[in-house]
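S.K.: Spelled out from the first residue to the last, the chains are:
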Amino acid sequence: MPASAASSDEDLMLAYAAGDAAAFDMLYARHKGGVYRYLLRQCRQPGIADELFQDVWMNLVRARESYAPTAKFTTWLYRLAHNRMIDHFRASGHLTLVSADDEAHEEAVIALPGARSMQPESRAENRELGERLRAAVAALPPAQREAFLLQQEAEMSLAEIAAVTGAGVETVKSRLRYALSKLRSELADLDEDLQEGLR
Amino acid sequence: MSETERDSRVDTAWNAASREEPPIALDDAIRAAARKAVDAQPRRAPDKHWWYPYAAAATVAVIAVGLLQVTPPEEVNPTIVADADRTQKQDAPAAVVTPAPPPEASPPTIAARSATPSSAGRPTSAPIKKESRASEAQRGAAPAQNATQRELDATDKLAQPTTPAKPTKRTEPVDATESAAANKPAQLQASPPAAPAPRAEPFPAAPQSSAQSAPVERRDASSSNANAMKSAPAREPAAAPSGATPRVAGPPRLAGSAVGEQRAQRQAMLSKDEAGAQPRAKTAPPRSVEDWIKLIRELRSEGRVDEARKEIGAFRSAYGEQADSLLPPDLREFAPPAAKQ
Numbered sequence: 001m002p003a004s005a006a007s008s009d010e011d012l013m014l015a016y017a018a019g020d021a022a023a024f025d026m027l028y029a030r031h032k033g034g035v036y037r038y039l040l041r042q043c044r045q046p047g048i049a050d051e052l053f054q055d056v057w058m059n060l061v062r063a064r065e066s067y068a069p070t071a072k073f074t075t076w077l078y079r080l081a082h083n084r085m086i087d088h089f090r091a092s093g094h095l096t097l098v099s100a101d102d103e104a105h106e107e108a109v110i111a112l113p114g115a116r117s118m119q120p121e122s123r124a125e126n127r128e129l130g131e132r133l134r135a136a137v138a139a140l141p142p143a144q145r146e147a148f149l150l151q152q153e154a155e156m157s158l159a160e161i162a163a164v165t166g167a168g169v170e171t172v173k174s175r176l177r178y179a180l181s182k183l184r185s186e187l188a189d190l191d192e193d194l195q196e197g198l199r
Numbered sequence: 001m002s003e004t005e006r007d008s009r010v011d012t013a014w015n016a017a018s019r020e021e022p023p024i025a026l027d028d029a030i031r032a033a034a035r036k037a038v039d040a041q042p043r044r045a046p047d048k049h050w051w052y053p054y055a056a057a058a059t060v061a062v063i064a065v066g067l068l069q070v071t072p073p074e075e076v077n078p079t080i081v082a083d084a085d086r087t088q089k090q091d092a093p094a095a096v097v098t099p100a101p102p103p104e105a106s107p108p109t110i111a112a113r114s115a116t117p118s119s120a121g122r123p124t125s126a127p128i129k130k131e132s133r134a135s136e137a138q139r140g141a142a143p144a145q146n147a148t149q150r151e152l153d154a155t156d157k158l159a160q161p162t163t164p165a166k167p168t169k170r171t172e173p174v175d176a177t178e179s180a181a182a183n184k185p186a187q188l189q190a191s192p193p194a195a196p197a198p199r200a201e202p203f204p205a206a207p208q209s210s211a212q213s214a215p216v217e218r219r220d221a222s223s224s225n226a227n228a229m230k231s232a233p234a235r236e237p238a239a240a241p242s243g244a245t246p247r248v249a250g251p252p253r254l255a256g257s258a259v260g261e262q263r264a265q266r267q268a269m270l271s272k273d274e275a276g277a278q279p280r281a282k283t284a285p286p287r288s289v290e291d292w293i294k295l296i297r298e299l300r301s302e303g304r305v306d307e308a309r310k311e312i313g314a315f316r317s318a319y320g321e322q323a324d325s326l327l328p329p330d331l332r333e334f335a336p337p338a339a340k341q
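From first to last, the protein sequence lines stand for chains X and Y. Per our numbering, residue 1 is the first one in the first sequence, and the count goes up by one each step. Per our numbering, residue 1 is the first one in the second sequence, and the count goes up by one each step.
Counterexamples of contact, computed for chain Y against chain X with all Cβ distances above 12 Å:
(1) Val65
(2) Leu67
(3) Glu261
(4) Ser288
(5) Asp291
(6) Arg300
(7) Ser301
(8) Arg304
(9) Ala323
Coverage of chain X stretches by chain Y, computed from C-beta distances (three or more under 8 Å per stretch; other residues unrestricted):
(10) 17-25
(11) 30-39
(12) 56-70
(13) 148-154
(14) 182-190
Computed, partial: chain X to chain Y, Cβ under 7 Å:
(15) Asp50
(16) Phe53
(17) Leu129
(18) Gly130
(19) Arg134
For the record, the hints were derived by calculation from the structure and aren't laboratory data. In this text, a Cβ means the ideal position worked out from N, Cα and C, and glycines have one as well.
Take the sequences, apply the hints, and build the full model.
M.R.: The structure is reproduced here in structure tokens:
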């Protein structure tokens, strides 16, 4: 079947597996940003993100013939990215992503350097909302951050996030709840800062 | 909080804040690698049913060849048969019309030989008739008239005792094959086994062969009734090439009520032949001297002196001044020229 813009991700992947290079281009255009940002927010270093990003897509290219559309393509793609990132964390000795317990890491999350409340001097500066939000996300515990990124970048449901991360749906739901709570508070702090700045 | 754990404000803020894209160089590298992987990979096994079109084409070819093989040869042969018939008719006026006559087929019957020129060979027989009439004056009309009279006599004698089970009223057979098939029983009954050679010759087109056979047949016809039975069907090969009596039906076929009708027809033809006796005699090839002498002697030995002398007269008229030198002394004395006159 020839690839077209209306084709689903699964059809495009099957077409690419059948030898249609144009199908890969379409798939890449659809998901390159989300995967890249997912990796970038996780590792926080653009150079490493580029390397992981390339590895993820190369793994996809190598695994094209074994692809079976049993689930959504995004689930399969982000599982590749998730696995590659875990491999990276394992190799770098910073494996805190998988075992992170939301409640147990509450204190740790608060202690992360990204928390804007811990840096009052920076609030006085006129920063953009995006930067503070990115910092807030970066300050999230790894599991919460991953769940949040999968929800935002890949627009996954709880079940899909659970499938990618290998956690339960309720666990994913809890992680998202904590993540959003922190981000909301960060946005509230930003509003206060903006109001104070306007005064 | 909703079940999906989403916050619209957070979503909006995040969408505005998170816009990073991979470097263009990385995009190109990944795309190139992906395309290269696809191009370099061995082509996937072709479709399992790749041979279907070939099988269909082969089936169609086999069916076509089979149909050609199964097609009856009659659909192709008519042209060949027509050509063969045309060739045979050009070569011999008594050609058999059937495309492939069996080797053991009976020799052409009187009807067949007479019908062939009338049905298909008329254009070829007509010139012969004219030519025979032109040369009749040179050879004399006596032998031809005698032959015609003997034919009629033989026909009458043959028709009287013959009572076939299936009389036929057709006097002019249109199809030589049909007439040959119809005449076969009677012919088998009447064919003399003593002189099969000239009768078995299917195409007596050569004037020489007919010239040799004609005197013999006339002699047989005039010898006796029994001989007439034998010579009647055999006489026609000599007459057929001449084209003089192409429509004469074979005597063996005459029987029952058809005899009278046949005889009337033959009488009419005889009158026509007598009117044109010279053309008929012209085509009758001259018998050989030996046969003629033999015939004369046989007539004389049988006591038919008048007929013997007539034959001598005909011999003299045929050979002219050389007749006396060709005749043996006893026959020369038997019918001297003065007596002939």
